[in-house]
Amino acid sequence: MSILPFCLAALAGGALVVGLRARPAAAWLVGLAALLLAIGAGLSIAPGSIVRIGGMPLVATPYARLLVIVLSIDGLLLGLTAAATGGGAIVAAGALAALLGVGFALATPDPTAGIWAVLGGSVAALAVGLLGDRGSARLAAVTASLKAVALAAAVATIGVAIVAPLSGTSPDSAIVGLAYLGVALAVALRFAAIPLHAWASRLGDAIPLPLVAVVLAWLPAALASVALDWLAGPVASIAPGVGIERALVLALALATIGLGAVAAWIQDDVAHATAYLTIADAGVALLALVILDPAGLASARFWLLGLAVSKTALVAWAVAAEGTFGTRWLPDLSGWARRSPALGIAFALVALATVGWPGSPLLDARLELVDRSVEGPLAWLVRLGLLAVLASYGRIAIVGLGPLGAAAAGGLRSRPERPPSWALSTATGARDRLTAARADGRAVWDLNQGAVTAGATLVAAILATAIAAGALGGPSAAAGEGPGASPSASAGPSAPASPSEPASPSASAGPTTTASPGGSPAAGASP
Amino acid sequence: MSPWLVALAVVVVTGGVLSVSARDGKLATVGLLAVLALAPLVASPLPDVVAASARVVAAALATYLVGIPLRSAPPTRGSRIGWPAEALAASAGFVAGVTVGGFGAPGLGPAAGVGAGLALIALAVAPLAETRDLLRQGLGLFLLVTGAELVRSGLAGTPSALEALALAGVVVALGAAVALLATRSVATTGDLEIPRAERPER
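These protein sequence lines are chains A and B, in that order. Reading the first sequence from the start, the letters are residues 1 to 527 in the numbering used here. Reading the second sequence from the start, the letters are residues 1001 to 1202 in the numbering used here.
By construction, these hints were calculated from the structure, which means they are not laboratory data. Don't take each hint at face value.
[Stated by the list, open to error] Simulated pairs of lysine to any residue, SDA-like, Cα-Cα distance not exceeding 20 angstroms:
1) B:K1026 <-> B:R1080
2) A:K147 <-> B:T1183
3) A:K147 <-> A:L196
4) B:K1026 <-> B:A1060
5) A:K147 <-> B:D1133
6) A:K147 <-> B:V1172
7) A:K147 <-> B:A1179
8) A:K147 <-> B:T1131
9) A:K147 <-> B:P1195
10) B:K1026 <-> B:D1133
11) B:K1026 <-> B:A1187
12) B:K1026 <-> B:T1183
13) A:K147 <-> B:R1132
[Stated by the list, open to error] These stretches of chain B come out as covered by chain A in the derived footprint (C-beta under 8 angstroms, 3 or more residues):
14) 1142-1148
15) 1171-1178
[To be verified] Only some residues are given here: those of chain A computed to face chain B with a beta carbon under 7 angstroms:
16) G54
17) A113
18) W116
19) L119
20) A140
21) A154
For each residue, glycine too, the CB sits at the ideal point set by N, CA and C.
Chain B extracted, bound-state conformation (with noise of 0.2 angstroms):
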């Protein structure tokens, strides 16, 4: 396994970490632009430019998107369980992926991406079943699309130039729909955290 690519694999998961547990929506869409630029580039063997170009230029528009509901936003509550937490789980979530690598044979790609992949998963759980604060979710949404992809990479190998283009419109797309949502909510109740009367009864 390449050092480089175990190397490039921490960098996104530590991104990740990032992008779930800071209270500052800038620090968070930092984090998450280096989840959404690096994680292409985790697999072996690398893509080829144009894609792995589409996929930076969709991480960076994605991250301008979310950024503007942000910069009008207060501070959200950030990660429920801390950052501390959070690393635990995304390691645990790596050392799994690299350790299993495949199933039944190993995987047509490096296994840090399975790691990379198991850990982003694990970061987006506790976004997901967030269901007030929508950045958080949000950012949840973009780790378990990033994460199946990586997952998918290192098991299959080295997505297409049209998968690569599929992602980048995924990307973007999410970026849309996520600052749009944040922008409504900033709207209507001038913070991140969706109105009482709308929070689905638990």
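Just chain A, with the same shape it has in the complex (with noise of 0.2 angstroms):
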């Protein structure tokens, strides 16, 4: 099966969760089962079938089916981890808003109907984002980040677009060497890397939580890939010449990636510093975009699903510290890991899979990524860098380990609980059972509201660790090719050879689903 059912399933929804936002309940439900559907239609993806839509292939990868089955999982149990906050259905919309724009992203050998992809994904999370606040919603940090991600998406467009008259001639390196600056800005940007941070800073305030780990990892994660496959043409033939470019966005990198985790560590707000060890995380995915070497994008796909799965796994945890303390204030939840030891459990996994250890496919791809891109002591000082972010991470866990305050002590159990009577029991008749059954339903998820979040969030600490091992195929579906190697994958008329030429629509207007023969060269294992 191609990608295309995993599309439709995002699409419809995310469009019906919208549609019951009046009846929380419900969408909630609706939601976590079309996350279901979305998974059950990611793990029937057929390893490099291609459907054509308009004479235009979306090829199914590896690397592709692996992300959107990986997020699919993630979005789940976001899902289940907000609704203790009250906000399942609006994150679980999001999260599907978000999916359909990654899964396009990922299957298009078309870098601009990529980049319009993520912005889609963008623009809907954050729209759904605004639905979830009944209050004083954040009006200026929402529309803050509508300005940032599309002017990202509006100048990696562009970028693209300027070399796309040159092929076939031999470049002048300052021209490309433009585009190559204006792609790499534009990631950077919606990475929130530093100092293009401003638009994410008051983010955590205005959606909900869980949202932020979708608009701050998810998506720039997919633009970086497309941006990636992009480099890995024009740009790479020619990277002797973008030197000084080069040297910017290095500079951009090693901003971010030391002063970001400096930011993290003196946050008092678990979600701040949750954003902020996001965007430190994303300076070492801007190290990729310096290494202008197909050799090095495996290790820069690997790094970027990695990414994206454990910083998921951090939102959840702090989204689950805030559902089950009451608040998201350091110094108020000392001694919350002794409370809730599935958390503390799941927030050391969450370290693990995103610094790595000695032997890990992870840390393998984060040291080559810095060893291509920095070279003498400063590869050292970039490599002791890298590990910055358990200072955070250490203070958030010293705290954790601390005595317990009055916030953890009052927190909801994570040990999953009975009620002490069934109303089912006792009820007669079709409708009293009904009712009966509902209200049993309500006891059971009010009592285990802490042990369901928490073991959702270990869950999802759990996959990131396993990723981070090389698990579910991680390191080869990220070794495989992009979408536009394909021989099927023909590219459309999007980049004609003359302007005389006229464009080729596709003689069957309707989506034709191909396998292409013998799969990708590196078809990832089953999950």
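Dock chain to chain to rebuild the complex, using the hints, since each chain is given by itself in its own frame.
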């Protein structure tokens, strides 16, 4: 099966959840069902399958397949953790909107279509996030975010278009350098890299916290993947000629890694700390844009996968902490890990999944990105700088192991519990039994919110650690070719060789599905 | 360069000037509709019928969504610099785009597209720099995205059907986002300006 059913499931599910938002419980359940459907659709994708829409292919590469499956699972887990704070339906809808953008972006060989898909997913996720706030919404923060994502898309689109007329010629390195800088800065803006991070600083206060992972990690990772595939073509061939531009991007990356870690460390609000930790990791992703060597593409893609999954788990932890203890102010969370060991274990796994361990594919990918982008003593400095984020994780962990504070002591229990009695056991008649069943369900949920959110967070953390360990075929999927590399995925009319060449719409107006012969060269193992 | 394409590009830019300078929200949405519906046609060769239709439908839907909260909103301040200055800025962008046409090689699409794109981006600068008027900021977003699309089609050729589909989704999503922002603002403060307590410090 192609990636089309997945995209349709995400689209239909998101629309349905938004339509049902006046009934939050029903909308949440529909959202979870849609995410389960998306997971199923993702699992049924045949690696390398192609579907043509209007003559243009959507190629389900192993990397795209793995990413949509893993992020769908993460979306489901975010929806579960968010339910404790009352925003489960909105989070599910936002995740589905983002999944549509991510799936489309990773499957299309046309970089501009991919850029627009990421923008569409970002705008939709931000718009859905607005639905979640019925009080005084932070309109300025959301508007600033919309401006940032639109500007990033516009700059990236123009950057890609600049070099299009130069294909088949010997391009001027100044022009290609300008295009490269535009695309790289667009990715940096999208990741809220320092000093382009102002728009994201209040994002967590304006939209539900789980959607911050979607806006700051998932969608920028998809954009970065599109950019990397594009850079492997016209820019990589003249890499020595873009020295100044690469130096600028490198400076941006290093500033983000270092200052992002410092900013995260000094935050007392765990939501803000989470955002800055995401930004700090994005600095490593920016290093991938400096390499301009197709040989480094596999490590870059794997890092992007790890970033999306580990930061989702971190956000899930922050959401669960707030839902469990009623606060996200770190000084008030003393003893949180002692009160909720499940959250403590999840947090430790997230830290492990972020930094990696000796011999882990994730750490190898981080170090390769550093070694390929920086030389000499600076490389060792950057390697040490990558560990700076441990200071933030350590600070949060130390608070968690401290004496039980009032918030932690009064927090929800993370152990499953049964209601003292079941209304269903004494109900008679169909209507009474239905009412009793609803009451029992509500009682079970009220008693086990803490357990559900802690459990979902733990699963997200385990998934992130598994990805970091190279499970689920991550490294091989990342090493596969991009959507434009398949010989059957020839580009359509988006880049004609000359202005006089007419557009060639496909003979079939509807989508056609093709399984590429032999599949992709590096088909990942099925999860 | 086809005179029809140039004329179409001029109409698109005129729609942009109208959208950013009109105080009446309805007039602004008329200008917006002209921009969103006609911009895809400033291409050579023309996009296929299905792609163009999708874009027109998306434009109509987005404009309709943006128009919903405007029914109960008071007129906005409109352009701070006035429509003549906006028109001059747009003209400068248009002439620059048509003159440049491409970087290092002629563009694969019409130079009028590059001109119209730069004109719309020039028009988008002031609204996007705005921090209070939500409608103008929303219009700025539309102009920025459409401007980038026009520059892209002028440099790299007609967008594919898949790209047109993605753009249609972007336009509808932007329409929904702007409509939600405007609705929330009108419900909170009675007008389209971000509440004073929320405005970012300059």
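Take the C-alpha atoms of A:K147 and B:R1132, compute the straight-line distance between them, and say whether it is at most 20 angstroms.
-> 13 angstroms, holds
Hinted pair A:K147 and B:A1179, Cα distance within 20 angstroms = 15 angstroms, holds
Restraint status (C-alpha distance of A:K147 to A:L196 at most 20 angstroms) = Holds: A:K147 and A:L196 sit about 12 angstroms apart, inside 20 angstroms.
CA of B:K1026 to CA of B:R1080, is that 20 angstroms or under?
-> Between B:K1026 and B:R1080 the Cα gap is close to 18 angstroms, so the pair holds against 20 angstroms.
Can the hint on A:A154 be confirmed by a CB-to-CB distance to chain B that is less than 7 angstroms?
-> 4 angstroms, holds
When the least beta-carbon distance from A:W116 to chain B is tested against 7 angstroms, hint result | 4 angstroms, holds
Take the C-alpha atoms of A:K147 and B:T1131, compute the straight-line distance between them, and say whether it is at most 20 angstroms.
-> Cα-Cα ~11 angstroms, so holds.
Holds or violated: is there a CB of chain B closer than 7 angstroms to the CB of A:A113?
-> 4 angstroms, holds
Verify the proposed pairing of A:K147 with B:P1195, using a straight-line Cα cut of 20 angstroms.
-> 18 angstroms, holds
Taking only the CA atoms, is the gap from B:K1026 to B:A1187 under or equal to 20 angstroms?
-> 19 angstroms, holds
Hint consistency between A:K147 and B:D1133 [alpha-carbon to alpha-carbon, up to 20 angstroms] | Distance ~14 angstroms between A:K147 and B:D1133 Cα, so the pair holds.
Against chain B, is A:A140 within 7 angstroms by beta-carbon distance?
-> At about 5 angstroms, which falls below the 7 angstroms cut-off, the nearest Cβ of chain B leaves the hint on A:A140 intact, so it holds.
When each numbered hint is compared with the structure, no violation occurs for any of them.
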